[in-house]
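Colleague: Each chain is listed here by its residues.
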Amino acid sequence: GEDVEQSLFLSVREGDSSVINCTYTDSSSTYLYWYKQEPGAGLQLLTYIFSNMDMKQDQRLTVLLNKKDKHLSLRIADTQTGDSAIYFCATPEISSGSARQLTFGSGTQLTVLP
Amino acid sequence: GAVVSQHPSWVICKSGTSVKIECRSLDFQATTMFWYRQFPKQSLMLMATSNEGSKATYEQGVEKDKFLINHASLTLSTLTVTSAHPEDSSFYICSAIPTGDDEQYFGPGTRLTVT
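From first to last, the protein sequence lines are chains A and B.
For the first sequence, position 97 matches number 807 in this note's numbering, and the numbering has no gaps at all.
For the second sequence, position 13 matches number 33 in this note's numbering, and the numbering has no gaps at all.
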């Protein structure tokens, strides 16, 4: 099955940029997702990128995809204290039928220091 | 749109009792819902796929007799933890996929503590 890996922790100063990295093994993934989880809450979809794209920007968020290296990154510009959360990358596994299961990375705990 | 709710948000129960957790899609119909378990500071582990009108599909290592899943309607799936033990204490998250779509929408999670 798919294997998705992330570094566990990242600390940045408020106002700096944050870069969260993710590597995956299944090259047939058509979408790659970034989710945010705040303490005690469920997952919120932040953004996603199609596998035929190299980059996607959405306000403060920039997603970079290197398909050759199977590497995905999420850059958060001008990081704020409200960005402190756990960030998960996820790729879909094509299961039987139309619904897709997701394989999640271990999550990166982002801490924003004042 | 695409809101998923879970009830209760948190529950404390005694060892040996059963607990039911509900997952509802509030503004869409979902043929498929997923149940995940998350331990502190860990990733989500898929427990089972819940399909409306049919039996749930459990992941390897998940006891189907312990974690009963019922997907009785297109907007409701329930997870019942039977004869709960302290090791079942965890954060349980569901997600739902709108019929005809591939996007998963996640519920806010249910914190279960078994004493």
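It is possible that some hints are incorrect.
Stated by the list, open to error - Calculated pairs, BS3-like style, for lysine-lysine (alpha carbon to alpha carbon, straight line, at most 27 Å):
1) K746(A) to K34(B)
2) K746(A) to K777(A)
3) K61(B) to K86(B)
4) K34(B) to K86(B)
5) K34(B) to K780(A)
6) K40(B) to K75(B)
Said to hold, decoys possible - Per the computed footprint, the stretches of chain B lying under chain A, defined by three or more beta-carbons under 8 Å from a beta-carbon of chain A, are:
7) 63-73
8) 126-134
Stated by the list, open to error - Here are the simulated distance ranges between beta carbons:
9) P749(A) to N90(B): 25 to 31 Å
10) D713(A) to D121(B): 25 to 31 Å
11) S727(A) to G36(B): 35 to 41 Å
12) P824(A) to E123(B): 34 to 40 Å
13) G120(B) to Q790(A): 21 to 27 Å
14) Q80(B) to R770(A): 23 to 29 Å
15) E123(B) to D764(A): 37 to 43 Å
16) P824(A) to N90(B): 44 to 50 Å
17) E748(A) to G81(B): 37 to 43 Å
18) S727(A) to D121(B): 30 to 36 Å
For the record, the hints were derived by calculation from the structure and aren't laboratory data.
Quantities reported herein were computed from a predicted structural model and do not represent experimental measurements.
Don't be surprised by glycine CBs; every beta carbon is placed ideally from N, CA and C.
Colleague: Hint by hint, note whether the structure agrees.
Modeller: These are the hints, each one checked on the structure:
1. For the suggested pair K746(A) and K34(B), the alpha carbons sit about 32 Å apart, so the restraint of at most 27 Å is broken.
2. For a cut-off of 27 Å, the pair hint linking K746(A) to K777(A) stands: about 23 Å separates their Cα positions.
3. Straight-line distance between C-alpha atoms of K61(B) and K86(B) comes to about 24 Å, which keeps the hinted pair within the 27 Å bound.
4. Taken as a hint, the K34(B) and K86(B) pair is honoured in the structure, with Cα atoms around 16 Å apart against an allowance of 27 Å.
5. For the proposed pair K34(B) and K780(A), the alpha carbon gap of about 46 Å is over 27 Å, so the pair is violated.
6. Taken as a hint, the K40(B) and K75(B) pair is honoured in the structure, with Cα atoms around 17 Å apart against an allowance of 27 Å.
7. Taking a C-beta to C-beta cut-off of 8 Å, the region 63-73 of chain B contributes 4 residues in contact with chain A, enough for the three needed, and the coverage statement holds.
8. A stretch counts as covered by a chain when three or more of its residues have a beta carbon under 8 Å from one of that chain; for the region 126-134 of chain B and chain A the count is 5, and the coverage holds.
9. Against the hinted window of 25 to 31 Å, the Cβ-Cβ separation of P749(A) and N90(B) comes to about 30 Å, which satisfies the hint.
10. Checking the proposed 25 to 31 Å range against D713(A) and D121(B) shows it holds: the Cβ atoms sit about 26 Å from each other.
11. Evaluation of the 35 to 41 Å hint for S727(A) and G36(B) yields a failure: the beta carbon distance comes to about 51 Å.
12. Checked against the given bound of 34 to 40 Å, the beta carbons of P824(A) and E123(B), roughly 35 Å apart, stay inside it.
13. At about 37 Å, the beta-carbon gap between G120(B) and Q790(A) misses the expected band of 21 to 27 Å.
14. Between Q80(B) and R770(A) the C-beta distance comes to about 39 Å, which lies outside the given range of 23 to 29 Å.
15. Look at E123(B) against D764(A): about 22 Å separates their beta carbons, and that is not inside 37 to 43 Å.
16. Remark: the range hint 44 to 50 Å for P824(A) to N90(B) is upheld by a beta-carbon distance near 47 Å.
17. Between E748(A) and G81(B) the Cβ separation comes to about 29 Å, which falls outside the hinted range of 37 to 43 Å.
18. As the Cβ distance of S727(A) to D121(B) is approximately 33 Å, the hint placing it in 30 to 36 Å holds.
Hints 1, 5, 11, 13, 14, 15, 17, counting from the list given before, are not met by this structure.
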